[in-house]
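Spelled out from the first residue to the last, the chains are:
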Amino acid sequence: MAEFIRRCQLCRRWLLLVIALLPGAALRVAADAPATAPRAIPNADVPPFGSLSAETDGQKLYETICQGCHMPDARGAKGAGMYPALAANPKLGSAAYPEYIVLNGLRAMPDIGRHLTDAQVAAVVNYLITHFGNNAAEAATAADVAALRANPPLR
Amino acid sequence: MPAASTPVSRRDLLALIGKVAGGAAMYQAMAGIGLAGESGYRGPVSLQGAPRGASVLILGAGIAGMVAALELRQAGYRVQVLEYNARAGGRCWTLRGGDDYTELGGYTQHCRFDPGHYINPGPWRIPYHHDCMLDYCRRLGVALEPFVQINYNAYLHSTQAYDGKPQRFRHIQADYQGHVAELLAKCVNAHQLDETVSTEDLERLLESLKSFGALDADYRYRANDASNSRRGLAIEEGGGLSPPGEWSEPLQLSQLLQSRLWTGIASSHGFHTQPAIFQPVGGMDRVAAAFARELGSLIRYQTQVLRIDQDERGVSAHFTDRVTGAAGVAHADWCICTLPASILSQLEARVSPRMKAAIDALPYHASVKAGLQFRRRFWEDDERIYGGITYTNLPLTTIAYPNHGCNMGGKGVLLGAYMFGANAYRFTAMDPPQRVAEIVSLGAQIHPQYASEYENGVAVGWHRVPWANGCFAAWDTQKRAQFYADLCQFDGRIVLAGEHVSRIPAWQEGAALSALDACERLHRRAVAS
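Residue numbers (my numbering), protein chains in the order written: chain H, 1 to 155; chain E, 1001 to 1529.
Same shape as in the complex, but just chain H (with noise of 0.2 angstroms):
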């Protein structure tokens, strides 16, 4: 039965997903998703992201890696393109779309999730997700991280 339950719940959030991917959709705000999503890349073959193996903790995740382009405000950055904001994100509303650009990466940003243990993106998604102005619900975890890793939704 917890099993039944946990996949209901997987289907939820991977349908939320597909939602928020959609073309036209109401939640698409800044950057849409390829048209050919590729598959995610289990890390396993990876090697871990250098000096920042160790680093569990959501902020300090977004410190070292994302404020790079997104900004220490997250609220992007213009020049001949442009960074999104992240800040006051309505994409940032529920757990599953960050993880899977993190997971996946989006146009030119890279794949960085490969890189990175499933607690760690869950770690940097649940920061940017209560952080911000934004004000997710529902919090992401290591678990649904690896199942989408394993199962993205769109192939």
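I should point out that these hints are in silico values taken from the structure, not numbers from a laboratory. A portion of the hints provided could be inaccurate.
[Unchecked claim] Computed list of lysine to aspartate or glutamate pairs in EDC-like fashion (alpha-carbon distance at most 20 angstroms, straight line):
(1) H/Lys91 with H/Asp111
(2) H/Lys78 with E/Asp1321
(3) E/Lys1186 with E/Glu1207
(4) H/Lys78 with E/Asp1431
(5) H/Lys78 with E/Asp1100
[Unchecked claim] Stretch-level coverage of chain E by chain H, calculated; a stretch enters the list once three of its residues show a Cβ under 8 angstroms from a Cβ in chain H:
(6) 1360 to 1369
(7) 1452 to 1464
Remember, predicted model here, so these are calculated numbers, not experimental data. We put the CB at the ideal spot given by N, CA and C, even for glycine.
Based on the hints, put chain E in the right spot on chain H.
Just chain E, lined up with the frame of chain H:
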């Protein structure tokens, strides 16, 4: 040669050498049997007979864009180049004293190097087989000088080995080769290779090991004239009545292996970093300046492209003049777009879904470079390091000493860090003063003189470069198979060029070759239409 006398195949022999003697020896062996690469450059293009009045719009005045502009103008096309920056070159870029650089996030660094000193935040080397870049340098009168890729007196450094004390490259290389050669010679003399290598070849192998490893007459690597002819004496010799020198003692094999410093030996064996390798005299942007001088008013600077449109008659690029703020549109029959995919993926561009998917599939690598000025060239004065590169397991990865102005005394600017991967993300995420300060602090572990001699510095994190959003396209095998062909295809009247549209990513040679390929295909289409 009869099969009986060659019981070991070329591949097996290479594998054997690789296993026993390491990658360096295997590479030497491979080069010896002629498995070297070939250049993709087929000489200067000669495009002739552009259709009367035909025009080409080129987006981006980096190496790719300027190569294309030069060749297409020569062929008779009306050419216009739109460039975001106030200068030409793109990632072919040099920072000197007096330059201001504002990164994304708004922080401006004021470069305060003394005259004659500089740092190349992007490409800094042109290897001997980058024929296309070498050819343009020759044709445009860009003077080159040797880039010291291997300096036997620079350091290999690990915080985990030799109590964190940097080791001279020549010691690590000589001792690694010597120990490995001695071990392999032992195997030979114990008849352990009799089954796999012919008697005749075993003799040559022994002879070669003596040469490769600086072994003595008994095939041993010891403190003696042979080993010291490579690693150098402990007390060096002089003239006249000066006393004889003293041998230096090789490092112990076990410590050497555990140190992992041997990873630094192969650092210059890669095809793209083998000597001879060059740098433009005065900074890499001399190349860009030479192209820009040729192109003159064909380049429209300070022009931000917002949207690229096309139909069956032509292409138009909608732009904003970054000085006046005025909107404008540039039209042409054809377009070569050299904007990095990291920027292009965010613009509205009327291209096919397949090309769009390819543009969107390319992430960009993180990288950080820092230039540090010191009031004294202590690496030369105190440590006899003239140019070349020190490798370290510190986040810095690399310290590269200036290859020009050697032995003249005075100040110097060195490359204080060249990072990729996790460290590059971490340092990009810092604000520039913190970035520089941390790089100076780390470097002092290798050169304690940093503490007293440091004057000023700049540090560029490529993901914060406003017109690049990353260092270079991160192709992998899977992406190459899935998207590369679509990225290269002519899409209506638009074709892409740049390092990302080449099989030599990150190198200017790739950008230049992609531009020539794009020009040739464009010309064929234009003539046919």
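These are the hints, each one checked on the structure:
no., hint, result
1, H/Lys91 with H/Asp111, "holds, 18 angstroms"
2, H/Lys78 with E/Asp1321, "holds, 16 angstroms"
3, E/Lys1186 with E/Glu1207, "holds, 13 angstroms"
4, H/Lys78 with E/Asp1431, "holds, 17 angstroms"
5, H/Lys78 with E/Asp1100, "holds, 18 angstroms"
6, 1360 to 1369, "holds (count 7)"
7, 1452 to 1464, "holds (count 3)"
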